[in-house]
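Visitor: Let the hints inform the model, and build the full structure from the sequences given.
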Amino acid sequence: MTSRSSIVEAGKIVRKEFDELLGHYPDVVKSISESKSVKDGRKTLQELDHYRYVEALKIFGGEKPQRSMHLDDVKELVEWKLRHGKFRPNLMKLVSSNDPVVAADIIKQAQDAYHQTTDAQAALDILTKLKGIGPATASLLLTVHDPDRVIFFSDEAFYWLCCDGKKSPIKYNGKEYKALCVNAQHLSKRLGVSATEVEKVAYVLMKQPQKDKLPEDKAPSKDKKESRGPEKKSTKVSSSKRKLEPEPGRDVQSEPSPILRRSKRTRA
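Mapping of the sequence shown onto numbering that gives the first Met the number 0: residues 0 to 267, in sequence order.
Just so you know, these hints were derived from the structure itself, not from any lab. Treat the hints with care, as some may be off.
[Claimed, not checked] Using C-beta positions, here's what the derived DEER-type ranges look like:
id, residue 1, residue 2, range
1, 31, 8, 18 to 26 Å
2, 30, 87, 34 to 42 Å
3, 104, 162, 30 to 38 Å
[Stated by the list, open to error] Heads up, simulated DMTMM-like pairs for lysine to aspartate or glutamate below, C-alpha to C-alpha not over 25 Å straight-line:
id, residue 1, residue 2
4, 92, 118
5, 166, 78
6, 85, 71
7, 107, 39
8, 107, 75
9, 74, 104
10, 166, 8
11, 165, 71
12, 166, 26
13, 188, 163
14, 57, 111
15, 74, 98
16, 57, 18
17, 57, 78
18, 74, 62
19, 165, 75
20, 166, 71
21, 57, 118
22, 206, 33
23, 206, 26
24, 174, 147
25, 42, 26
The structure presented is a predicted model; accordingly, all values stated were derived computationally and were not measured. Beta carbons are placed, not taken as given, at the ideal position from N, Cα and C, and that holds for glycine.
Guide: Here's what the structure looks like:
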């Protein structure tokens, strides 16, 4: 969970804050990776993260990628997505059911369309023809081809850039992704950072530990009681003295005893 009051707004963050948060990303991923068990032969989140942000960008990034993307590449990126964010048990099964030849052809069509027009939404419309590939996963496949301008449709990025850090419901449709792209582009242009860096900072912000706070109407009163213990005691003595000379018409026996009042203060 995250303390909402600790999340700096995307529209107000400055470059120094941004860079500091970006520097925390490796530690955040390491912490989450170490907290998750891994079956024998499976990669850890840290290893998948290295593939996602280093190896995949070298292979598929730029105007002249080293090779085309295959179904096995898609599956590894999906595995990263499931470990890095919200786990969806049926997603990998659906993605694996795609015909490898058909999948490679659809991905190439999307890649060619994007390089010709730089229209991310048009490329996503092609990629979502694959089984199990919605706008969010499609944006992941596209961003490794252009990490500077295309942002991955992650929950964390959407929460930060479109919901002011609040975990509002997400429909994962084209309209929401368009809004995410617009906000990410504004931030990237203002600070001079890449879409991928924006994605990482959003992840750090939404995954940082929550700082629990007592309600404002209770915390100060507790401190006041602790800091003014002797003063309270003297007040009790004064009150007891007044009880020796009751006001006219006032029943002394109906008043609670000093012992009961001290007991009540201790429980609070």
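Visitor: Each hint should be assessed against the structure and marked as holding or not.
Guide: Results for each hint:
1. Between residue 31 and residue 8 the C-beta distance comes to about 24 Å, which sits within the given range of 18 to 26 Å.
2. Distance hint check for residue 30 and residue 87: the Cβ-Cβ separation is about 22 Å, which falls outside the suggested range of 34 to 42 Å.
3. Between residue 104 and residue 162 the CB atoms are about 36 Å apart, so this pair conforms to the stated range of 30 to 38 Å.
4. In summary, the hint linking residue 92 to residue 118 is not supported, as the alpha carbons are separated by about 29 Å, beyond the 25 Å threshold.
5. The suggested pairing of residue 166 with residue 78 holds, with an alpha-carbon distance near 23 Å, which does not exceed 25 Å.
6. A C-alpha spacing of about 21 Å is found between residue 85 and residue 71, which places the hinted pair at or below 25 Å, so the restraint holds.
7. In summary, the hint linking residue 107 to residue 39 is not supported, as the alpha carbons are separated by about 33 Å, beyond the 25 Å threshold.
8. With a CA separation close to 18 Å, the supplied pair residue 107 and residue 75 stays within the 25 Å bound.
9. Distance check on the hinted pair: residue 74 and residue 104 sit about 16 Å apart at the alpha-carbon level, within 25 Å; holds.
10. At most 25 Å may separate the alpha-carbon atoms for a hinted pair to count; residue 166 and residue 8 meet this at roughly 14 Å.
11. A C-alpha spacing of about 35 Å is found between residue 165 and residue 71, which places the hinted pair above 25 Å, so the restraint is violated.
12. With a C-alpha separation of about 23 Å, the suggested pair residue 166 and residue 26 falls inside the 25 Å cut-off, and the hint holds.
13. A distance of roughly 19 Å separates the Cα atoms of residue 188 and residue 163; the hinted pair therefore holds under the 25 Å criterion.
14. Between residue 57 and residue 111, the direct Cα distance comes to roughly 18 Å. Compliance with the 25 Å bound is thereby established for this hinted pair.
15. Among the hinted pairs, residue 74 with residue 98 is consistent with the structure: their alpha-carbon atoms are about 12 Å apart, no more than 25 Å.
16. Our distance criterion of 25 Å between C-alpha atoms is met by residue 57 and residue 18, whose separation comes to about 23 Å.
17. Restraint check for residue 57 and residue 78: the C-alpha separation of about 19 Å stays at or below 25 Å, so the hint holds.
18. With a C-alpha separation of about 23 Å, the suggested pair residue 74 and residue 62 falls inside the 25 Å cut-off, and the hint holds.
19. Our distance criterion of 25 Å between C-alpha atoms is broken by residue 165 and residue 75, whose separation comes to about 29 Å.
20. Distance restraint check for residue 166 and residue 71: the Cα-Cα separation of roughly 32 Å exceeds the 25 Å cut-off, and the hinted pair is therefore not satisfied.
21. Restraint check for residue 57 and residue 118: the C-alpha separation of about 22 Å stays at or below 25 Å, so the hint holds.
22. Distance hint between residue 206 and residue 33 is fulfilled; the C-alpha atoms sit about 15 Å from each other, no more than 25 Å.
23. The suggested pairing of residue 206 with residue 26 holds, with an alpha-carbon distance near 11 Å, which does not exceed 25 Å.
24. Restraint check for residue 174 and residue 147: the C-alpha separation of about 21 Å stays at or below 25 Å, so the hint holds.
25. In summary, the hint linking residue 42 to residue 26 is supported, as the alpha carbons are separated by about 18 Å, within the 25 Å threshold.
Of the numbered hints given earlier, the model fails hints 2, 4, 7, 11, 19, 20; all others are met.
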